[in-house]
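Read top to bottom, the protein sequences are chains A, B and C.
What the first sequence shows, in this note's numbering, is residues 1 to 417, in sequence order.
What the second sequence shows, in this note's numbering, is residues 1001 to 1356, in sequence order.
What the third sequence shows, in this note's numbering, is residues 2001 to 2269, in sequence order.
Note that these hints are calculated values from the structure, not bench results.
What you are looking at is a predicted structure, and each value in this text was computed from that prediction instead of being measured.
Careful, some of the hints might be misleading.
To be verified - Distance ranges between label pairs, derived from CB positions:
hint, chain 1, residue 1, chain 2, residue 2, range
1, B, G1253, C, R2115, 24 to 34 Å
2, B, G1253, C, G2138, 42 to 52 Å
3, B, T1061, A, V51, 14 to 24 Å
4, C, T2242, B, G1253, 53 to 63 Å
5, A, V100, B, P1322, 39 to 49 Å
6, B, L1054, C, R2115, 49 to 59 Å
7, B, A1024, C, G2138, 19 to 29 Å
8, B, W1323, A, E393, 50 to 60 Å
9, B, A1024, C, D2205, 51 to 61 Å
10, B, T1061, C, S2117, 50 to 60 Å
11, B, W1323, C, F2173, 37 to 47 Å
12, C, E2119, B, F1348, 34 to 44 Å
Glycine is no exception: its CB is placed at the ideal position from the N, C-alpha and C atoms.
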Amino acid sequence: MTMPAPAPSTPLRSPRWTLRLGAVALGLALAACGPASDTEAPAGDVAGTPVPMAHATTFSVTDLGEGVRVVDMRASVSSWGGAADGPEQQARLALVPLAVEVPALTGPLAGATVVRTPVERVAVNYTPFEAMLSVLGVADRLVAVGGTTSYDDAVYARVASGELPQIGYGWHIPPAIDVLATTEADVLLMALADLGHAEAIPRIEAMGIPVVPMFLDAEPHYLGRVDYVRLVGMLTDREAEADSFVTMVTAEVDRLTALAASQPTRSLMWAWYSGGDRWGAAVRNAEARLLRDANGRLALEQPDDPRLDARMEVGTERILADAADVACWVQDSHGEPYRNEAVLQRLRAWREGCVYAATGQTKPRRNAYDFYEMGAIRPDYLLGDLVKMLHPEVRPEPFRYLVPAGPEAAALLPAAP
Amino acid sequence: MTTLALPRTPSRARPARWLLGSAALGLAVVGAALASLSYGQVAIPLGEVVAGLLDPSADSTTARILHDLRLPRVGTALVAGAALGIAGVLMQALLRNPVADAWSLGLLAGGQLGVALTVAGAAFAGPAALQFLEVFRGVSLTAGAAVGVAVAAVAVLWLGRRVGAVTLLVVGLMLTFTAQGVVSVVMHFAGRAGGRVFSGWNDGTFASVVPAEWPLLVGVVVAGVVLAGACAKPLNSLLLGETYAKSLGTHVGRLRALAMAATILLVAPVTAFCGPVTFIGLIVPHVARAVAKTARIGPLLPLAALAGALLAVAADFVVHLPWDQHFLHLNAVLALVGAPVVIALLMFSPTMRGLR
Amino acid sequence: MTTPRSPLTLDGLTVGYGQTPVLAGLDARVEPGGFVCVLGRNGSGKSTLLRTVAGLQLALAGEVRLGDDAVGPMPPAERARRIAVVLTEQAHSPGLMADDVVGLGRQPFTGWRGRLSAEDHAHIREAFALAGAAPFAGRLFDDLSDGERQRVMIARAVAQRPGLMVLDEITAFLDLPGRVEVMALLRRHARETGTVVLLSSHDLDLSLKLADAVWLLSGGALRVGPPDALIADGDVGRAFDTADVTFSAERGQFELRGGPLSSPAPHQP
């Protein structure tokens, strides 16, 4: 009875596309889906100099000299609000500068996907990758995007005019391979919303387009997502820009974390109503870490576990029992309005008016949300907002993503019938 | 030829069966409701449940969970289950089709379409209209669902006189697929916010009804029950077909209109407020007939109401058990119970003989 | 409770569909307790006539009277108390019990809730017994054989205690002993209660043997009379004879032209 819908794993996204009735059995689709099989040697067997990454754990880079890099990617893909399905995904990439001859793909390089660098034509299926190219100053290298939901006006204009083809309605479905073929892309930066989408990878590579699977959502630290900018920097030959970007974001995060630490800890929950007495709540992993770094004590918190999704579904009862007394409440941008006033009045955050929704910086006419675009690689933006929400006196700057959503905001809406 | 032995007297046996069945079902409903009130993600001892029911002003968290969450939910399940059960009896009698109900014949699909068009219309009108829709969810989606259900009901009634039982069933399923196809296209244009409004509604649940919506839900359903009661006697005569009904003094056209109106009054508000709820209307009439050992509508109505309430509360209880990580969905639970029953009916029901 | 004994009268009756008459200007009268068989070939208008007599469709002209009351304009509720109908068409409905079916015969006499009184139950029991349907009480209607269902339907009509009982082709599903039994019981019921029983059948031999009077439909006309008279006058032959088959007035059965049928006739004298 429900619309078939793919499962997303955007950070802190609403559970609108939660797996519904019929529970799509993700794990069934694939047995050996990773581009590299499990029997191959693990990362670290390559003779070369490791390129350190401050936080990323889903990929590692080894420098072989002459600008040749081996990138090992590995991550668990978990469905929304659930556990990781199927085997860990693995891929080995060899980034080889155009000026250098491709080395023999034997030994540790056997089965590796070769990407000639710098890439000049980049296809993506997920808006954060557009943001990565933007901050590196190479957004003009985009040749295909996932859909028409770019927040960036310049990119959107190119999509709307048809200059930039779409390879899907967003990233919820596997890339449209026929469209992709017409783009003559040097590389596809691909987010996997669903383990089943890994099936598309060998087919795309058979057309001569190397695929870089990007496991942003599997990073246990939110700064691990930012490290992906450095990977894109290596692909596009913008390493210096990438390094300075990561340094800048890290410094800002450190500054905000220290600022928050100077204040008393306050409790909060990050939960949004998804209808039918169900709430999605951020409870662990990267999202929980960000809330902790804002010196918030997270209600409903669960132990970190990389094989579990950062979000969990809970009932209203659990919210009332465990989160009724939290000081502040953050909602997702996509939650449904919760309409039971008696329950809302039981929530201290609601009574005291400390309720926010991450609905700032949106262009609803075209379904575009900067929170899911630039926000993915600028965790300092949201961190700053959280610090301001919890400790308003230390952060006078205006909110970027958070907007008030408490009773006073509800009062601005038309009066209830 | 006359038989000397008089037939078994049904006059004594039947009311006893009916009474006993009603009492047993009633007890089961109370049991399921109490279980649902006391157990969920938070366990409340039965003693506290009873105490909480007696003292509505208690302010503890458990008391508020009981009053603000579980009572409205269980109450909605009781009302919705009873309404769908009665509607199932009406539709099966009206169309003389053992697998007729609001879902199988596409009435719910009509409701889905109505809601989808409402949402899409609002989405085209702009974000402000969509926001308005969210706030006025009760009124606007109710209207959309009710109109959709009513239009589908009239179409099915019209078709039902022209095609056989199984054909009608297949038509109903195709109508469902058509509506879902259209819904999917409409939602593509309604955008993300509109899609959220729709899919939130489309996931059947008894938990979304807020106290302010109770008068409308209960009021319309009660009107439907009264009308159903008024239709009960003439509907009996329709069990033998139109000509016999006419020969027994029934205004068949008027009866069809009244019974369908009762069905719409019962199904539309439930669908509007709870989303599409499947299978209850389909299998509950069979339970009622098995208990009462009769197809007479009068005794079936209370039995179907009780059995529907029981099935709804029990399924809702399973949905709200403290499952790890995920929630079950109401219609998934109902399908697990309902689908095998429907298969058995199609295969073994003597009524389907010659219609297959 | 018994329905007052009323004669059935056709007075210049014209029946048909839309504006097309099938039979025109029919006059006939049946006294209370009369058992009348309506005979005619396929398409002769038997069903149309019976439906009109039962008030299920309007007469194009003239009228049907039960006692002093015209059937056409009779309020449906009153008509249901005075006229019972049994048709060839097989009823079916989910979960329908034989008891429900016979109980429906009492529906025109119950209040708005349809609750059956002790008296109603007595009538139902009696009707079950009279129609030989007693063994089927308590069984699912759809589980019964065609013949068994027909008996239950007759029991329903009996339970209705009508002044007029109209039965259209009801013996079609019965075997020969069953047909004899059913027609005999209907005739007895008519005699005992004063009900007028009007029954159409293809069973020429049986009808001619059992009927008090025969309504013979042929060529848009109605001939009424005792079976013997109609046979003797050759009316039956005129109605049914074909190029190959002829009705023998002497033997009361069909014969192939040029000699008696070689196969045993249903009713050897």
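Going through the hints against the structure:
1. G1253/B to R2115/C: 24 to 34 Å: holds, 26 Å
2. G1253/B to G2138/C: 42 to 52 Å: violated, 34 Å
3. T1061/B to V51/A: 14 to 24 Å: At 52 Å between Cβs, range violated.
4. T2242/C to G1253/B: 53 to 63 Å: Given range 53 to 63 Å: violated, Cβ gap about 42 Å.
5. V100/A to P1322/B: 39 to 49 Å: 58 Å Cβ-Cβ, so the 39 to 49 Å window is violated.
6. L1054/B to R2115/C: 49 to 59 Å: violated, 38 Å
7. A1024/B to G2138/C: 19 to 29 Å: Given range 19 to 29 Å: holds, Cβ gap about 21 Å.
8. W1323/B to E393/A: 50 to 60 Å: With a Cβ separation near 42 Å, W1323/B and E393/A fall outside 50 to 60 Å, so the hint is violated.
9. A1024/B to D2205/C: 51 to 61 Å: Holds - the Cβ-Cβ distance for A1024/B and D2205/C, about 56 Å, lies within 51 to 61 Å.
10. T1061/B to S2117/C: 50 to 60 Å: holds, 57 Å
11. W1323/B to F2173/C: 37 to 47 Å: Cβ of W1323/B to Cβ of F2173/C: about 56 Å, so the range 37 to 47 Å is violated.
12. E2119/C to F1348/B: 34 to 44 Å: With Cβ atoms ~38 Å apart, the hint holds.
The earlier numbered hints that this structure contradicts are 2, 3, 4, 5, 6, 8 and 11.
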